[in-house]
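Q: Each chain, letter by letter, is given below.
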Amino acid sequence: MSDGTDKLLEIRNLRVDFPVRGGLFTAVRDVNFSIRKGETFGLVGESGSGKTTIGRAIVRIAQASSGEILFRGRRINGRITRELDSEVVQKIQMIFQDPMASLNERAKVDYIVSEGIINLGKFKNEAERLALVEKALLEVGLLPEFASRFPHEFSGGQRQRIGIARSLIMEPELVICDEPISALDVSIRAQVLNLMSELQKSKGLTYLFIAHDLSVVRFITDRIAVINKGELVELAETEELFAHPLHPYTRALLSAIPVPDPILERKKVLIVYDPASRDYRTDKPAWTEIAAGHFARANEAEAAEYRRLLAR
Amino acid sequence: MADGKAVAAGPPAAVVAKGDAAAGADPALFTFAEFDRDAGERIGWSNYSYWRSTLHMFLRNRVALFLLVLLGTILAFTFLQPLLPNQRSPTLINIDPATGRQFRNLVPSAEYWFGTNSIGQDLWSRIWSGTRTSLLIGIIVGVVEMVLGIAFGAIWGYVRKADRVFTEVYNVLNNIPTTIVLMLLAYIMRPSFQTMVIAMCAAGWHGVARFVRNQIVIIRDREYNLASRCLGTPTHRIIMKNLLPYLVSVIMLQTALSIPGTIGWEVFLTYIGIGLPVSIPSLGNLVNEGRLIMMAPELRYQLIFPTIVVSIITISFYVLGNAFSDASDPRNHV
Amino acid sequence: MDGRKPILSVRDLVVKFDLRGRTLTAIRGASLDLLEGETLAIVGESGSGKSVFTKTFIGMLDQNGRVDSGSIEFEGADLAGYATEAEWLRVRGRKISMVFQDPMTALNPLRSIGRQIQEVVEMHRGMSGRQAELAAIELLDHVGIPDPVRRFRQFPHEFSGGMRQRVVIAIAMACKPRILICDEPTTALDVTIQAQILRLIKALQSDFGFTTIYITHDLGVVANVADRVAVMYAGQIVETGSAEDVFYDPRHPYTWALLSSLPQLGVKGKPLFSISGTPPNLFNEIKGDAFAPRNPRALRIDFELQPPMFQVSPGHQAATWLLDPRAPALEPPAAIQAMRARYPGGER
Numbered sequence: 001m002s003d004g005t006d007k008l009l010e011i012r013n014l015r016v017d018f019p020v021r022g023g024l025f026t027a028v029r030d031v032n033f034s035i036r037k038g039e040t041f042g043l044v045g046e047s048g049s050g051k052t053t054i055g056r057a058i059v060r061i062a063q064a065s066s067g068e069i070l071f072r073g074r075r076i077n078g079r080i081t082r083e084l085d086s087e088v089v090q091k092i093q094m095i096f097q098d099p100m101a102s103l104n105e106r107a108k109v110d111y112i113v114s115e116g117i118i119n120l121g122k123f124k125n126e127a128e129r130l131a132l133v134e135k136a137l138l139e140v141g142l143l144p145e146f147a148s149r150f151p152h153e154f155s156g157g158q159r160q161r162i163g164i165a166r167s168l169i170m171e172p173e174l175v176i177c178d179e180p181i182s183a184l185d186v187s188i189r190a191q192v193l194n195l196m197s198e199l200q201k202s203k204g205l206t207y208l209f210i211a212h213d214l215s216v217v218r219f220i221t222d223r224i225a226v227i228n229k230g231e232l233v234e235l236a237e238t239e240e241l242f243a244h245p246l247h248p249y250t251r252a253l254l255s256a257i258p259v260p261d262p263i264l265e266r267k268k269v270l271i272v273y274d275p276a277s278r279d280y281r282t283d284k285p286a287w288t289e290i291a292a293g294h295f296a297r298a299n300e301a302e303a304a305e306y307r308r309l310l311a312r
Numbered sequence: 313m314a315d316g317k318a319v320a321a322g323p324p325a326a327v328v329a330k331g332d333a334a335a336g337a338d339p340a341l342f343t344f345a346e347f348d349r350d351a352g353e354r355i356g357w358s359n360y361s362y363w364r365s366t367l368h369m370f371l372r373n374r375v376a377l378f379l380l381v382l383l384g385t386i387l388a389f390t391f392l393q394p395l396l397p398n399q400r401s402p403t404l405i406n407i408d409p410a411t412g413r414q415f416r417n418l419v420p421s422a423e424y425w426f427g428t429n430s431i432g433q434d435l436w437s438r439i440w441s442g443t444r445t446s447l448l449i450g451i452i453v454g455v456v457e458m459v460l461g462i463a464f465g466a467i468w469g470y471v472r473k474a475d476r477v478f479t480e481v482y483n484v485l486n487n488i489p490t491t492i493v494l495m496l497l498a499y500i501m502r503p504s505f506q507t508m509v510i511a512m513c514a515a516g517w518h519g520v521a522r523f524v525r526n527q528i529v530i531i532r533d534r535e536y537n538l539a540s541r542c543l544g545t546p547t548h549r550i551i552m553k554n555l556l557p558y559l560v561s562v563i564m565l566q567t568a569l570s571i572p573g574t575i576g577w578e579v580f581l582t583y584i585g586i587g588l589p590v591s592i593p594s595l596g597n598l599v600n601e602g603r604l605i606m607m608a609p610e611l612r613y614q615l616i617f618p619t620i621v622v623s624i625i626t627i628s629f630y631v632l633g634n635a636f637s638d639a640s641d642p643r644n645h646v
Numbered sequence: 647m648d649g650r651k652p653i654l655s656v657r658d659l660v661v662k663f664d665l666r667g668r669t670l671t672a673i674r675g676a677s678l679d680l681l682e683g684e685t686l687a688i689v690g691e692s693g694s695g696k697s698v699f700t701k702t703f704i705g706m707l708d709q710n711g712r713v714d715s716g717s718i719e720f721e722g723a724d725l726a727g728y729a730t731e732a733e734w735l736r737v738r739g740r741k742i743s744m745v746f747q748d749p750m751t752a753l754n755p756l757r758s759i760g761r762q763i764q765e766v767v768e769m770h771r772g773m774s775g776r777q778a779e780l781a782a783i784e785l786l787d788h789v790g791i792p793d794p795v796r797r798f799r800q801f802p803h804e805f806s807g808g809m810r811q812r813v814v815i816a817i818a819m820a821c822k823p824r825i826l827i828c829d830e831p832t833t834a835l836d837v838t839i840q841a842q843i844l845r846l847i848k849a850l851q852s853d854f855g856f857t858t859i860y861i862t863h864d865l866g867v868v869a870n871v872a873d874r875v876a877v878m879y880a881g882q883i884v885e886t887g888s889a890e891d892v893f894y895d896p897r898h899p900y901t902w903a904l905l906s907s908l909p910q911l912g913v914k915g916k917p918l919f920s921i922s923g924t925p926p927n928l929f930n931e932i933k934g935d936a937f938a939p940r941n942p943r944a945l946r947i948d949f950e951l952q953p954p955m956f957q958v959s960p961g962h963q964a965a966t967w968l969l970d971p972r973a974p975a976l977e978p979p980a981a982i983q984a985m986r987a988r989y990p991g992g993e994r
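Respectively, the protein sequence lines represent chains A, B and C. Residue numbering for the first sequence follows this note's numbering, starting at 1 and increasing by one per position. Residue numbering for the second sequence follows this note's numbering, starting at 313 and increasing by one per position. Residue numbering for the third sequence follows this note's numbering, starting at 647 and increasing by one per position.
Rather than coming from a laboratory, the hints here were simulated on the basis of the structure. It cannot be assumed that every hint is accurate.
[Claimed, not checked] With a straight-line cut-off of 30 Å between C-alpha atoms, the simulated DSS-like cross-links for lysine-lysine are:
id	chain 1	residue 1	chain 2	residue 2
1	A	Lys91	B	Lys473
2	A	Lys7	C	Lys914
3	A	Lys108	B	Lys553
4	B	Lys553	A	Lys135
5	A	Lys268	C	Lys848
6	A	Lys135	C	Lys916
7	A	Lys268	C	Lys914
8	C	Lys914	A	Lys91
9	A	Lys91	A	Lys135
10	C	Lys914	A	Lys201
11	A	Lys37	C	Lys916
12	C	Lys916	A	Lys7
13	A	Lys267	C	Lys914
14	C	Lys916	A	Lys91
15	C	Lys914	A	Lys37
16	A	Lys267	C	Lys916
17	C	Lys914	A	Lys203
18	B	Lys553	A	Lys91
19	A	Lys201	C	Lys916
20	C	Lys848	A	Lys267
21	C	Lys916	A	Lys203
22	A	Lys135	C	Lys914
23	C	Lys651	C	Lys822
24	C	Lys916	A	Lys268
Given only the sequences and the hints, what does the whole structure look like? Please build it.
A: In structure tokens form, the structure reads like this:
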């Protein structure tokens, strides 16, 4: 891997707060990572960990309270120019979790897929728009005749592909995939995963793949960041993370993944993560690079311990 | 227990149930069939259209269809009735040519189908005239309230920054009792048809706006709206394309229910004496007149006839509103 | 198979639903034996009928649904013939309990969880007052709720999702059922919590000695819990066998497809095995093998005749014409062969 000169997206000290009754709830704090051009970056955490919030902050549905989000080196959070805004809309797209909820039921597929290019005025005439819609539908394996139908006529997998077509038509560089397959039936998941890999190859896309299921993430990602309660706890290349998990939370998560193999499952030892087990009173934890490209949230003592583990 | 070998061995076939169902089957059937990948995609083929399905579902509701025809007929008849031969003016005081006295309180007869009122006016023509006036007030007010309510309610609900301001304005408006608004306006302007319409719209639009606002708040953060925001869709188009189409059924229901409500208000205002002038027959006026002489059993027809019309209108709009609301919900479109 | 007696026997069950003048056949002739003390997992996609199937065991079909034919034998009675609520109350919650995906549907948000458990204890165990309260607290402790005396007074919203599911399990345990049906009990939970709940149910099973049915779409969960597996597709059971049979030596093309489309078994950088199309519409009559239209290697007969259950080995059955002696030999997909290779033969 190269040394970070090809960073497509960089997140620095990101913090996102939400107003709640009687104060602020900090959904995400002190988050740092960058995504390289062309890779699939996994962001894994449990519900309420803040992983979706990070994705939403990047597409600016959620407001960053502090910190910076840089896209191709330019800051895209906070106040930005109109030109940069429409560039970001075009270049960063999102695929949503629930295909049953993420399509406008009262609009035809034609409108849903071309919504983005209508907004940006990316076509000269109606014929060109129709041609673009047809191309996008074909690219995701749907028939062009589907354009005149309404979403409720389609199955979950087809609906998710409509959602992908709507992002693709914008010719994005970075696609935020927020649990794109977790709401789908098991037999449909492979279709969508295969489609996403194909598109990545043919179009040179970069993915931020947000998920709770480490086993899926392992299959599709190059690097993984694990997030717990709004903070990143560990980041490494995928196989490195699975081979040498350092942070106790990562280990608990890895031990809990169900594997479709009865014999392995029966032998499995479950690790339970207890945040209270660690003493942070004097020695505060920080985001530390333990080995090249392998980060963990650790204090001095833990970092030393982790380095010893890796050296073995 | 199967041994390890069975795992690697070929298919050991012993038919368990149902005997040898395919004993006589053609061996050629045991060959691979051709596979068409696209066949699996071609599901749910249909010419679905939202409005056509809505209409279709609505037409399947016989009761609603009947009431729709009934209401339509009533409304058409209120306009046709004065054009029919031998109709009396609703405001004409009929005088007995023999005695020179008014035909007061005549019970229904072949001459006066619904009888006459206490000053000798023909109740038949008064009821149709009154129904025309009241229905028009109801429909105009319903439509104006709906348009204003949607326009303000949509912005109020979707544009977060506007929420505070709109809520404050609403609280002020809502805290003025409707009766006072109506009374003031009726007092400032002269009692007339226009006054009634303006007064009722002024009193009711913000309620509709709030209703629309609440509905929009419920759906504005659904994923499909977030998706539209990611695609850079401007606010006005999100409202027009994403939000309002979802609210068609509830808004129509609300409007359908508000029409008899408005007629009810008209009756009430006339009752407290600030409604339409006595010279314009309306259902309010008629009910009020009928109520005054309600205690005389032989004169009750003067209350019963207008009440029947009010009831038919109220029930019809209620049933129609619900039927349309059901029909326009795509979950009910099979 | 070790000669254990079936505790519940389902034969040729057909369940139909009436929806706006049309009839949907949700279960199309399913037969199954549940063995005393085992954990059986029923696997299938949404719409396969796995939930409906088990709901017929406790008389909880929706209003428009009915058992059309077939029998469900339990303790000498045929549950399929039960018509009245009074009959069902003898079984539901007493002999057969159910745990649902969303614990909130089973809990009353306005009553303390202690009262809710106590109520069930009073109803089913004939205890009262203080005695029932103590039994309820003991149950809370048994399902791993820390500080049960204090928790007893709290309301459902004060519990996390995992804790709520524990409470629901405690309620299900209150009447010491013979069969516990868990309908996607962990789908709404995080993986770490899921693992704990699965472990809890296993522990309770060895303490109380009940028989468990899991309904799930997650093959990882199946591998974790199941002694035996039944695979459902389009309202039918297409394959049953021990967990080892089904994971290491599956025979039905649908089971192959389901297993080999799992990312866990995929090879990184290569496309996953994928199943095209969608499950059939159960409003329509299905001819032959329901999976045939999605199966690239379907036989011609699959489109003509419904395959019977073929016995692969004792306790392992699959409904596919591939097992007929006349059928051509067909190697399973690569991922399945890799699974076979991983199977340490003989060590069962």
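Q: Failing hints, ascending?
A: none
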